[in-house]
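As a plain string of letters, each chain reads:
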Amino acid sequence: MTSRTWERPSGTEIVYERPRSLTDVVTHYCPGCTHGIAHRLVAEVIDELDIRERAVGIASVGCSVLAYKYFDVDMLQAAHGRAPAVATGVKRVRPETVVFTYQGDGDLAAIGTAEIVHAAMRGENLTVIFINNAIFGMTGGQMAPTTLVGQETTTSPGGRRPQRAGYPIRICEMISVLDGAAYVARQALSSPQSIARAKKAIRKAFEAQLEERGLGLVELLSSCSVNWKMSPGDALRWIETHMVPVYPLGVFKDWTEAGAEAASSPVRPAAGGSDGAERRGEAAG
Amino acid sequence: MKRERVLMKGNEALAEAAVRAGCRYFFGYPITPQNEIPEYMSRRLPEVGGQFVQAESEVAAINMLYGAGGAGARAMTSSSSPGISLKQEGISYMAAAEVPGLIVNMTRGGPGLGGIQPAQSDYHQATRGGGHGDYRTIVFGPATVQEMVDLVGKAFDLADRYRTPVVIVGDGMLGQIMEPVVLPDPVDPDRLPPKPWATTGARGRRPNLINSLHLAAAECEELNRRLEAKYSEIRANEQMAEIVHPGADYFVVAYGTTARICREAVGQAREEGLSVGLLRPITLWPFPTKAFEEALETAKGFLTVEMSLGQMVDDVRLSVGGRAPVRFYGRTGGVVPSAEEVLGEIRRMVEEGDEGR
Ligand SMILES: Cc1ncc(C[n+]2csc(CCOP(=O)(O)OP(=O)(O)O)c2C)c(N)n1
Ligand code: SF4
Ligand SMILES: [Mg+2]
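Chains as they are written, first to last, in the working numbering: chain A, 1 to 285; chain B, 286 to 642.
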């Protein structure tokens, strides 16, 4: 890491700095892109939980494909949509690591739907950061499964028409019905308050893994002002005015909440018990 | 210690050999004719502290292998032809990111859904990389259960040494047949050479990266050149073949199950007084060109026999380089050629000599 070239003047206090888990480089993201905010939140949580040296990140294919340059942890770059499968391979071999995927909505909700559903179905102890910007950003603004009805993209000229292109896919609602999911939440990266809630959700999604409760997934409603053809400020407002009504914010599943165990299924064994031991290859009691 | 001979089905023997080679992780999706491998692994791996994962698809299974290999483990997947097509994405990524792993293909008839009988029609896919990009995998084509068992350990060793995916190509017959085998002594996976490049969490070191993205063209070309240098080394050092009856006038060329049938046909031809030998490639990639140089000291002709309509014959022609006629005989779609059919082809080759070119 680059060393600081200045001395902090005495009597002053650092109130804001780069998290240890981010590298000291300029990202390639467009000005105003919320990918940068999401990276920072993930890195802050990794620092706060003191798991940087145990963390293994799985970068996906999308605008965040270069995430491996930005997180200062061990990283694997996965094929489009396959991050949860790659993460499964790592976590099964190294249960002591803390494995997270960072995936866009094309990656997770189109080409990778099978991989995310089945990682949740198996109750893999993984943390999934899911960036829903209602578009294929990297390839130039094509329609995603998450694109809103009527939303104009390069492959839905005139707006997405449900008769031909169907309806937005709600991943949190889908994943939260699976018994293997421990924590599922959706938050928006559109205001300081919602960003604070997003960070709490990310922390919980990591804690679910640390406690071996199963899959933790946080969907972050994000902006892509470039492909939405708006100013960054308008894009943040559009999240709140257009996306939130279709993608309601909140916690869809939380293993720590009273009744959560009962509300989920009788088939899932108490987490952290014999299941976890078996995962680690120890003799199950 | 004298090792015991046991009677085992090919698929189960292969699975046990993998466990003894230190493989502790298996990822797969059911498909005939290789189901005994995942079934065996689902029982066996938990006994040795390993893990079996039944994946949601072959695509997921190969990407789990990418993760497990990337995390430094000896790990494998197995499938048959239609499933191997789905794995090509991950094999290409493994080759590019230099992640070791074992992929077994108990080949069945194709194309499409094909059938479930033995075939060798995935030869091109296996030996030309199979997925997108400029890469190769090491490919073994064993002919007996014992040879398959012996090659499993070698496959893991080479995968680790060269940091590359390795493929074992069997077929429905080799997977299902029961033969006596001597199993190798177990290897302790904790005592294998360390893999400092693996993504295991950056404890007290700089972060590791497993990646195949190279946006700058020059950088991507550089990766390809580095891979090619590795492949050249493999071509030079890892060729394996068996020549039966060296010095013969004619050679039958066949691998795997077909080689067993051809061995019998060659024996019958020799009883008839014909000077015929068998050249049996064991590594399909690297193709055993050195064995062809040896055969060419006396060979006046070659007959390639495959359970396909002619795939390996391309490599035979390239290796022979026009120095002798190369004939072809094949059955496909799950049809296994008989020794009589092959014997007829041998007789024709000897009779017609150069005219069969
Ligand atoms: C197998 C495969 N198909 C298609 C692509 C091309 N591709 C790259 S990124 C992408 C979409 C990414 O969109 P998303 O996941 O929403 O990420 P964003 O860029 O919006 O952050 C596609 C289709 C690819 N790399 N691999
Ligand atoms: S194209 Fe969109 S998602 Fe990609 S970096 Fe630019 S603003 Fe962000
Ligand atoms: Mg997107």
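Because the hints were derived from the structure by calculation, they are not lab data. Hints are not guaranteed to be accurate.
As the list claims (entries may be wrong) - Calculated lysine to any residue pairs in the SDA-like style (CA-CA distance at most 25 Å, straight line):
no., chain 1, residue 1, chain 2, residue 2
1, A, K69, B, E504
2, A, K69, B, V621
3, A, K69, B, R488
4, A, K69, B, R602
5, B, K480, A, W238
6, A, K199, B, H499
7, A, K69, B, A503
8, A, K69, B, A526
9, A, K69, B, K480
10, B, K480, A, P95
11, A, K199, A, G140
12, A, K69, B, L494
13, B, K575, B, R602
14, A, K199, A, G11
15, A, K69, B, N509
16, A, K69, B, E383
17, A, K199, B, E383
18, A, K200, B, E506
19, A, K69, B, K585
20, A, K229, A, E211
21, A, K69, B, K575
22, A, K69, B, A502
23, B, K585, B, A503
24, B, K480, A, E53
25, A, K200, B, H499
26, A, K200, A, S10
27, A, K200, A, W238
The hints, checked one at a time:
The suggested pairing of K69 of chain A with E504 of chain B holds, with an alpha-carbon distance near 16 Å, which does not exceed 25 Å. Proposed proximity of K69 of chain A and V621 of chain B is contradicted: the alpha carbons are some 53 Å apart, above 25 Å. About 18 Å separates the Cα atoms of K69 of chain A and R488 of chain B, which keeps this hinted pair within 25 Å; it holds. Between K69 of chain A and R602 of chain B the CA atoms are separated by roughly 47 Å; this puts the pair beyond 25 Å, and the hint is violated.
Restraint check: the Cα-Cα separation between K480 of chain B and W238 of chain A comes to about 48 Å, which exceeds 25 Å; the hinted pair is violated. Using a Cα cut-off of 25 Å, the hinted pair K199 of chain A and H499 of chain B is violated, with the two alpha carbons roughly 32 Å apart. Restraint check: the Cα-Cα separation between K69 of chain A and A503 of chain B comes to about 19 Å, which is no more than 25 Å; the hinted pair holds. Annotation: proposed proximity of K69 of chain A to A526 of chain B is violated, straight-line Cα distance about 45 Å (limit 25 Å).
Restraint check: the Cα-Cα separation between K69 of chain A and K480 of chain B comes to about 22 Å, which is no more than 25 Å; the hinted pair holds. For the hint pairing K480 of chain B with P95 of chain A, the CA-to-CA distance comes to about 17 Å; that is within 25 Å, so the pair holds. Pair hint K199 of chain A plus G140 of chain A does not hold up; C-alpha atoms about 28 Å apart against a cutoff of 25 Å. Between the alpha carbons of K69 of chain A and L494 of chain B the distance comes to roughly 9 Å, so the proposed pair stays at or under 25 Å and holds.
This hinted pair checks out: K575 of chain B and R602 of chain B have alpha carbons roughly 14 Å apart, not beyond 25 Å. Straight-line distance between C-alpha atoms of K199 of chain A and G11 of chain A comes to about 30 Å, which puts the hinted pair past the 25 Å bound. For the suggested pair K69 of chain A and N509 of chain B, the alpha carbons sit about 21 Å apart, so the restraint of at most 25 Å is met. Annotation: proposed proximity of K69 of chain A to E383 of chain B holds, straight-line Cα distance about 19 Å (limit 25 Å).
Note on K199 of chain A and E383 of chain B: the hinted pairing is violated, with a Cα-Cα distance of about 35 Å set against a maximum of 25 Å. For the hint linking K200 of chain A to E506 of chain B, the alpha-carbon distance of about 43 Å lies beyond 25 Å, and the restraint is violated. About 59 Å separates the Cα atoms of K69 of chain A and K585 of chain B, which puts this hinted pair outside 25 Å; it is violated. Distance restraint check for K229 of chain A and E211 of chain A: the Cα-Cα separation of roughly 42 Å exceeds the 25 Å cut-off, and the hinted pair is therefore not satisfied.
Only pairs whose Cα atoms come within 25 Å are accepted, and K69 of chain A paired with K575 of chain B is rejected, the gap being roughly 45 Å. A hinted pair counts as satisfied when its Cα atoms are at most 25 Å apart, and K69 of chain A with A502 of chain B qualifies at roughly 18 Å. Taking the CA atoms of K585 of chain B and A503 of chain B, the gap is near 46 Å; set against the 25 Å cutoff, the hint is violated. In summary, the hint linking K480 of chain B to E53 of chain A is supported, as the alpha carbons are separated by about 17 Å, within the 25 Å threshold.
Restraint check for K200 of chain A and H499 of chain B: not satisfied, since their Cα atoms lie roughly 35 Å apart, outside the 25 Å limit. With a CA separation close to 33 Å, the supplied pair K200 of chain A and S10 of chain A exceeds the 25 Å bound. Taking the CA atoms of K200 of chain A and W238 of chain A, the gap is about 23 Å. The hint holds against a cut of 25 Å.
Checked against the numbered hints above, the structure breaks hints 2, 4, 5, 6, 8, 11, 14, 17, 18, 19, 20, 21, 23, 25 and 26 and satisfies the rest.
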